[in-house]
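*Asks:* Residue-level listing of the chains:
There are 2 protein chains.
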Amino acid sequence: MENQIILDGNLVSKNVKDSLIPRVEKLKEQGVTPCLATILVGDDPSSETYVRMKGNACARLGIDSRRIHLSEETTTEELLKTIHDLNEDTAVHGILLQHPVPSQIDERAAFEAIHIDKDVDGVTSLGFGQTTFGFGRYPSCTPAAILEIIDAYDLEVEGKHAVVIGRSPILGKPVSMMLLNRNATVTTCHSKTQNLPEIVRQADIIVAAVGKPNFIQGDWLKEGAVVLDAGYNKGNIGDVDYESCLPKSSAITPVPGGVGPVTISMLLKHTVDSAEETVKK
Amino acid sequence: MENQIILDGNLVSKNVKDSLIPRVEKLKEQGVTPCLATILVGDDPSSETYVRMKGNACARLGIDSRRIHLSEETTTEELLKTIHDLNEDTAVHGILLQHPVPSQIDERAAFEAIHIDKDVDGVTSLGFGQTTFGFGRYPSCTPAAILEIIDAYDLEVEGKHAVVIGRSPILGKPVSMMLLNRNATVTTCHSKTQNLPEIVRQADIIVAAVGKPNFIQGDWLKEGAVVLDAGYNKGNIGDVDYESCLPKSSAITPVPGGVGPVTISMLLKHTVDSAEETVKK
Chain H
476 MENQIILDGN LVSKNVKDSL IPRVEKLKEQ GVTPCLATIL VGDDPSSETY VRMKGNACAR
536 LGIDSRRIHL SEETTTEELL KTIHDLNEDT AVHGILLQHP VPSQIDERAA FEAIHIDKDV
596 DGVTSLGFGQ TTFGFGRYPS CTPAAILEII DAYDLEVEGK HAVVIGRSPI LGKPVSMMLL
656 NRNATVTTCH SKTQNLPEIV RQADIIVAAV GKPNFIQGDW LKEGAVVLDA GYNKGNIGDV
716 DYESCLPKSS AITPVPGGVG PVTISMLLKH TVDSAEETVK K
Chain R
476 MENQIILDGN LVSKNVKDSL IPRVEKLKEQ GVTPCLATIL VGDDPSSETY VRMKGNACAR
536 LGIDSRRIHL SEETTTEELL KTIHDLNEDT AVHGILLQHP VPSQIDERAA FEAIHIDKDV
596 DGVTSLGFGQ TTFGFGRYPS CTPAAILEII DAYDLEVEGK HAVVIGRSPI LGKPVSMMLL
656 NRNATVTTCH SKTQNLPEIV RQADIIVAAV GKPNFIQGDW LKEGAVVLDA GYNKGNIGDV
716 DYESCLPKSS AITPVPGGVG PVTISMLLKH TVDSAEETVK K
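If you read the sequences in order, they're chains H and R. FYI, the numbering for the first sequence is 476 to 756, going by this note's numbering. FYI, the numbering for the second sequence is 476 to 756, going by this note's numbering.
Just chain H, with the same shape it has in the complex (with noise of 0.2 Å):
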């Protein structure tokens, strides 16, 4: 396609950051640091490395970031105690849970357990429910990342065709339901859909959130769709063919560079806006 788009998330990443800054500083002048905790239970290494690219990113903006890492063999009710004492305690903005948890662990109740005020993940149900209502403050945030781009770019959504790829909470659920809040129509598929490239086939906008790597094809798209691609699989790779997509794609996001650093952004975003709500009060 002529006038193609690759929809830059390091820039918009950046431009977030960017406009975090002086708000950290005046939030600083008034005494307060924002501070995200993140709880990383066991030792999957791949986590290890989100929490720390987490803290580091933290770290580059001027906000706290306070790592607290539980054993392996931590009980529900140890984490959930871990969370009630984050919940209390007024230095802490907000409170990401790394998932996976083990599996002893009730990581449902362990998400829920969160505050309102302090889930700048994203990952509660009161969160999702506000949110899929229009009021909430912090969505989750690969979804606030998408919309992030789509807006950075000035995209186009009301009217038109939205087919989300995948119905998890923090993705492809509340996506699809800001995208809806946005006037777009919205189609949510998964596993059991029947015909996915025929339904893909109609998509004004397409949000791959599948988890299958290059499981998207550039023959399932309308020319000129717009293509957001928030898959994450082994080796930074997306659901997106990006290849045979990029030809047929009106818009489409990088993997790597694509939604992933924006997703990072919007964290700290959140954070930062909820140390401003601490200092409104």
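The hints are simulated quantities; they were obtained by calculation from the structure and are not laboratory data. Hints should not be assumed to be uniformly reliable.
You can't tell identical chains apart in this list, so a pair holds if it fits in one copy or across any two.
Claimed, not checked - Cross-link-like lysine-lysine pairs, in silico, DSS-like; alpha carbons within 30 Å at most:
#1 755 / 492
#2 501 / 556
#3 667 / 755
#4 755 / 501
#5 667 / 697
#6 697 / 709
#7 756 / 556
Given chain H's structure and the hints, the job is docking chain R onto it.
*Replies:* Below, chain R alone, put in the same frame as chain H:
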């Protein structure tokens, strides 16, 4: 169509109510009478009728109803106080705030004030989020009624393409998420949707929740579609043009006598569920 099913909401409703009779009896033996508190604000005659109908439906099953009627001039604060008192009242198992409330009231704030344990009408963002994430106890009553009808007639949902027309917090959004959880591929449409007839034509299951009398036309339907009319318009007219849709559908709800009566039964069921929860505690 041959073997066409007229989905009889009165029959489904009766079966739900019959199943509640022994449960109410058992609760009474345990010293607990299920109790639904209904709050009506102002003097809208249709709202008065709805609240009276709900109260009467309770009475016929031996469920207490406590009817609270506040004046047209009620403030948000006064309404919130009423709701908080009902939240605290252990004799009350469910709270229903009749929509709409007078314009000076923040209706959303009032809905959100209902404790999740008593949100038997399924109006809170928390209840919606929990339902969407698969562990809600009291989904919004009209979506619950639609699923009840689907189950009563053993209609297949998995892998089907469901098109929901409407995106309200108590109907379009929750029924979309509930059908998604049943493994339907779900498209949610609304006033900004382009080519609505073309999208409806793909549907195996259509949920009409748009609030426009006789809006959905027979020539929009795929042969053999299942049509669920959750519309309620003045004069007891549905959103579906029944005359033209009847010949095309494999199963269809009439109005009246379709989704409406089951909705009230779901409210009663949720109230009994809630009363049973208090006995368990």
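*Asks:* Determine for every hint whether it applies to the structure shown.
*Replies:* These are the hints, each one checked on the structure:
1. 755 / 492: within (22 Å within a copy, 50 Å between copies)
2. 501 / 556: Classified as neither: same-chain Cα gap 33 Å, cross-chain 38 Å, threshold 30 Å.
3. 667 / 755: Classified as neither; 47 Å inside a copy, 37 Å across copies.
4. 755 / 501: Intra 13 Å, inter 52 Å, cutoff 30 Å: intra-copy only.
5. 667 / 697: both (22 Å within a copy, 21 Å between copies)
6. 697 / 709: Within. Shortest intra-copy distance 28 Å satisfies the 30 Å Cα cut-off; inter-copy 42 Å does not.
7. 756 / 556: Answer is both; intra-copy 26 Å and inter-copy 23 Å each pass.
Taken one by one, the earlier hints fail for this structure at numbers 2, 3, listed in ascending order.
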